[in-house]
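Letter by letter, the chains look like this.
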Amino acid sequence: MTRPVLTLHPDRALPTDPTVRTIAREILAGTQDLPLVSMHGHVEAGLLLADEPFADPAALLVTPDHYLLRLLVSQGVSLDALGVPRRDGGEVERDPREIWRQVASRWHVLRGTPTRFWLERELVDVLGVTLRPSAQTADETYDQMVEALSKPQTRPRALFDRFQLEVLATTDDATASLDAHAALETSGLPGRVVPTFRPDALLDATAPGWGQRVARLGELTGVPVRDARTLVEALAVRRAHFVERGALATDHGMRSLSTRPLDAGEADRLVVTALRAAEAGRTLDVPDADALAGHLLFEMARLSCEDGLVMQLHPGVLRGYDTQVAALRGPDVGYDIPVATDFVHALRPVLEAFGHHPGFRLVVFTVDEDVYSRELAPLAGVFPAMRLGAPWWFLDTPDSLRRFRESVTDAAGFYNTTGFVDDTRAFCSIPARHDLSRRIDAGFLARLVAEHRLELDEAHETAVDLAYRLPLASYARPA
Amino acid sequence: MTRPVLTLHPDRALPTDPTVRTIAREILAGTQDLPLVSMHGHVEAGLLLADEPFADPAALLVTPDHYLLRLLVSQGVSLDALGVPRRDGGEVERDPREIWRQVASRWHVLRGTPTRFWLERELVDVLGVTLRPSAQTADETYDQMVEALSKPQTRPRALFDRFQLEVLATTDDATASLDAHAALETSGLPGRVVPTFRPDALLDATAPGWGQRVARLGELTGVPVRDARTLVEALAVRRAHFVERGALATDHGMRSLSTRPLDAGEADRLVVTALRAAEAGRTLDVPDADALAGHLLFEMARLSCEDGLVMQLHPGVLRGYDTQVAALRGPDVGYDIPVATDFVHALRPVLEAFGHHPGFRLVVFTVDEDVYSRELAPLAGVFPAMRLGAPWWFLDTPDSLRRFRESVTDAAGFYNTTGFVDDTRAFCSIPARHDLSRRIDAGFLARLVAEHRLELDEAHETAVDLAYRLPLASYARPA
Amino acid sequence: MTRPVLTLHPDRALPTDPTVRTIAREILAGTQDLPLVSMHGHVEAGLLLADEPFADPAALLVTPDHYLLRLLVSQGVSLDALGVPRRDGGEVERDPREIWRQVASRWHVLRGTPTRFWLERELVDVLGVTLRPSAQTADETYDQMVEALSKPQTRPRALFDRFQLEVLATTDDATASLDAHAALETSGLPGRVVPTFRPDALLDATAPGWGQRVARLGELTGVPVRDARTLVEALAVRRAHFVERGALATDHGMRSLSTRPLDAGEADRLVVTALRAAEAGRTLDVPDADALAGHLLFEMARLSCEDGLVMQLHPGVLRGYDTQVAALRGPDVGYDIPVATDFVHALRPVLEAFGHHPGFRLVVFTVDEDVYSRELAPLAGVFPAMRLGAPWWFLDTPDSLRRFRESVTDAAGFYNTTGFVDDTRAFCSIPARHDLSRRIDAGFLARLVAEHRLELDEAHETAVDLAYRLPLASYARPA
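Read top to bottom, the protein sequences are chains A, B and C.
Taking the working numbering, the leading residue of the first sequence gets 17, the next gets one more, and so forth.
Taking the working numbering, the leading residue of the second sequence gets 17, the next gets one more, and so forth.
Taking the working numbering, the leading residue of the third sequence gets 17, the next gets one more, and so forth.
Don't take each hint at face value.
To be verified - Derived CB-CB ranges, DEER-like:
1. A/ASP473 with B/PRO206: 58 to 66 Å
2. C/ARG113 with B/LEU472: 26 to 34 Å
3. C/ARG113 with B/THR35: 37 to 45 Å
4. B/GLN340 with C/PRO303: 54 to 62 Å
5. C/GLU42 with A/PRO26: 34 to 42 Å
6. A/GLY297 with C/ASP301: 40 to 48 Å
Unchecked claim - For the chain C half of the interface with chain A, some residues (derived, Cβ under 8 Å), not all of them:
7. PRO80
8. ARG208
9. THR425
Quick caveat, the hints were computed from the structure, so don't treat them as lab data.
Think of the CB as a built atom: it goes at the ideal place given N, C-alpha and C, for glycine as much as any other residue.
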């Protein structure tokens, strides 16, 4: 049992039933060589512009991956031991080999998880690892990765090419510079890297540094923010800048989902109060800030009708659940927990106002499976503006991707979903994620064929649509 | 790939596993020729009395089918283009061939949906269609349907006979005339058509025209309504009329599920207030109206103990989600969205009061799968008066019918469910819906047999019970 | 079809797919002979100390089994007819043969339920039944059971030995005597019987007799309870007594889950008010009692960090749903209904305070499947102190055990779950429950292997961990 090898089986994640697997293989063959379109994610444009070799296996695979961090923490490994920086300047592990040993020696913790599925592919395909990680093989696998990372074909741009990335969308603070995107346009990269407008920190008046951010927005746009009207005006100007740089979409996370517009006076009053509070080093209280955020989100939808940016919503996550950890380590270290969200009532204002607008496209994501068949599929199955995003975060897994299709296809069909959207921070995991989705969709479609609920030619076409055409179409301004 | 044929495979919707499929086929053979009992639905008695040919394919299949309308709307087709009438008298498409072209050219939107499953059977079995609908085949398939509709065997009564309908329950406003039902009794139809008492518009004091409806109820029953007591008395008299006409059940939809009785004075006060408001052209406000509706629902349960009408509840739907669409088109055009409902607390008053009453039968439906294993199966698995209705509306689908059995059988068994209830407005879809349910139940039972959790003889008997005996027994006054 | 035999198929509850079943059989073979560790349940220590023969089949299988009672009641059998005692002294059936006839003649009601799965194994393996129960075979099967119960190998201690019980945890009121446990330690039983500290009736100031219980606690511990501080102090002393007697864990059920600590003054005030109310024959009102219970639960967690008792939570059940039944029959007769619980916010105080404490272990159970992927797996997948308990009560079923693994493994893996915990009152059902869990886990792991998501050697090891090593490790003080 020692030193088992690490390989990728061609039938991985396909259904076990022999009839269905045969059909699934055939469907999968039709999508396996399609280019990747990564319409939403968190890779940084600068990575591709700089095109420097990845520093080391830990910096590439472990320290920035909150999926992996949380599972190791859950088994008693400290974030210190995993090299996650502390804001108090305290010591953390700095030897990447030691960090990898923590992972390799707890490889069993990942059994059955999507993290393992993705990592296996990265290890084999990108990092040249040939052995299953374990305490025994930690050093040898580490050395294999170091060797691979030293080669030119493992640099970001070479991987971009090898991954067949046709579009890669980044996610960018509303006030961020888009210079890297501009530079990439003429850099000869064999695909587009487009920014995404993410104004969360401007829409939530309790966000750290909200006052300065708003001031900065005013400077960037030439529209000084004095009230809600000027705030929306400045946001509109900034959105136009993103559109010029190739942006296709906006993206919105929030503490509490609302799209309820306020009357103009009330909205102005809240912004004025928030600006005064910021000057005094305070913030708006949470209920007022949430009301304002709901108003501004409605306004973002209105602007989307005008400038054609697709609106993405990522609600329902309580971020920084453990406040001490959040204070010490910052965001994205594994302590974000889903919470129940009432989409039906929260989306009603925006759907009633713009749900039939020919220029509006709303893509809704969830980390709560319970709302698929009760709320999201029924809504996406009637409002032409709405598309249901791919299973997100905790739900981007083999079994959950399958349950997604099983739950939403009844009421929404395939063509009111966006097809696959990877939403990853881990550049090297992009192909693994798309591959998994294609496998699960092939398996689901194959079952429909085997149950005589769909013809094979239709399944083939649908698979290509889900993998490639629908993501492109969902992130294009509606015709 | 052009002009693929349309056929019905004998194994459609059966499990893919070869062992399980073989057993499922055998179980299905035992139910496939059973008569249909349609214990709840929205076909109108007048359709069978008049027995006129269906007007055209669009009027039969498209314009009245909110399942189909919503999926086409979601893809950008307007309700105008689908011929759905406007209340403002505006123009809508009137050429049924054009309407069918909208459907046929978007056939891919229905992939994987139950709507497609039902339609295929209607097209092949009732309407003589031999080609898969598409832009290319739209006219030819349209002509095939027109041809079929011109034949005597496609008239309503001939279909009733061909469908082997033993009982067909209609749903009737509490103040509706039941003359068509009376006339059908002696019309030689080879089966019963029974009315169902639906008093929603009288129980909800915010319903349009509530005052006039209540006055009409007083006239019909000879019990002038002055307060809650006389309202309940008048309803009791009207229920007796329905019982005389063969009614087996009442049916109740509501904005917000409650069964909490008020004290007599408070109930009277609310009705008096509502009557005064109606005279002044206003309505009770929503919280008061909901409290009154909860009280009256409790009273309906009390009357059920006396007159033996089975009480059906259909809660948890926000109807007319888009208020502008609702104002322009009226109800049932596809804009109804499920919302979360707390069945456990809402049903407690009625279950504590009548849950063990030998004359009471409560059938509860839901469009929210999340409550199957948490709420409804545990309740139906202890209270003798309660039965769990079949998966309803958004849940009447191949995969959801299967999940229903997988979720509720543990805590409620098979015999605390009603067996299949189709609940359709589309007369021609009745056989397709029962067929699907029989297939899914056969598949579920076959899996239990293959997993050695049930013997084959038991599976056979259970399948017949679910398809035929249990619906009949569930809608008979408890012995 | 008459007199079918009753046998246990070796492949029962294994997946139907031939490839997967073959792998599952192999995995199951590796766990089938492992000892049973029953880390939480409701068998009484006195049963094993007295070691008397079971009275009769009804007293063993029917009257105390709320799973079975509820299903029979749901079909119109009265609790009287099932021999369940009344508090008003009214007559109930006393002939166990008659009671068994009620069960046997309604055997079909149990089709597809876990109760049937467990009972079949008890009937065949423990009680020597060879025929499927039915009206026809009621007397013959009854006689077979009476015969079996007369034999020495069917006494409790002989069964304990035959079941290969290595640990059996009981659940004991905080003020209960642990003398039986002490006596069992030296009684030569081939395994440990350990108590579990359950202080519900002391933590909920609305519980019947709360005042006397608190006074009794004061007597037992020598710490008179005057306020919250002394109440916690007395509880700490009592916990120490449980630890001495071998206790590994505490267990907590509650009306409404909260772990929010109060400030010391507020907590003291509530206890003082509750003590005064008790003297006056009243109780604290429910909101205050729930606030106090949340505070005390937080304190129990704090004490767990010190004394190493694993904290188990069993929230989300509305007990005694029908108040008349509860008044007449007492608890545990089948009228307990799950309700939705917000674990994310309710657990936050205790997880923020102690979720990383090296001495704390929190095991959370649920009867609500909806929170597996949204709340519990994400929490257990990051906090080292937390483990997700096995599917409980309504969820301890073939299909739900499978759905549990399918829902939680993505975000929590296998190693943040406790492995199997039976939680039964029915001593003879313990092997059946462990057997079922091992079969379902074998099937789930086999599917992962067949889908090339896990290697066979890993599946073997994981199966043993889930069946044996993880329950032991989860109920040991964290290292």
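### Query
Regarding C/GLU42 and A/PRO26, is the given constraint of 34 to 42 Å on their beta-carbon distance met?
violated (23 Å)
#### Entry: Cβ distance range 58 to 66 Å for A/ASP473 and B/PRO206, holds or violated
violated (42 Å)
### Message
The hint says 40 to 48 Å between A/GLY297 and C/ASP301; measuring C-beta to C-beta, is that right?
### Response
With Cβ atoms ~41 Å apart, the hint holds.
### Query
Can the hint on C/ARG208 be confirmed by a CB-to-CB distance to chain A that is less than 8 Å?
violated (26 Å)
### Query
Is the shortest C-beta separation between C/PRO80 and chain A less than 8 Å?
Nearest chain A Cβ about 35 Å off; hint violated.
### Task
For C/ARG113 and B/LEU472, compare the CB-CB distance with the range 26 to 34 Å and indicate the outcome.
About 30 Å separates the Cβ atoms of C/ARG113 and B/LEU472, which means 26 to 34 Å holds.
### Residue hint C/THR425, partner chain A, criterion CB-CB below 8 Å
holds (4 Å)
### Task
Given the range 54 to 62 Å, decide if the beta-carbon distance of B/GLN340 to C/PRO303 lies inside it.
Roughly 42 Å apart at Cβ, these two residues miss the hinted range, so it is violated.
### Task
Indicate whether the distance between the beta carbons of C/ARG113 and B/THR35 respects the range 37 to 45 Å.
holds (40 Å)
Hint compliance for this structure: hints 1, 4, 5, 7, 8 are not met, and every other hint is.
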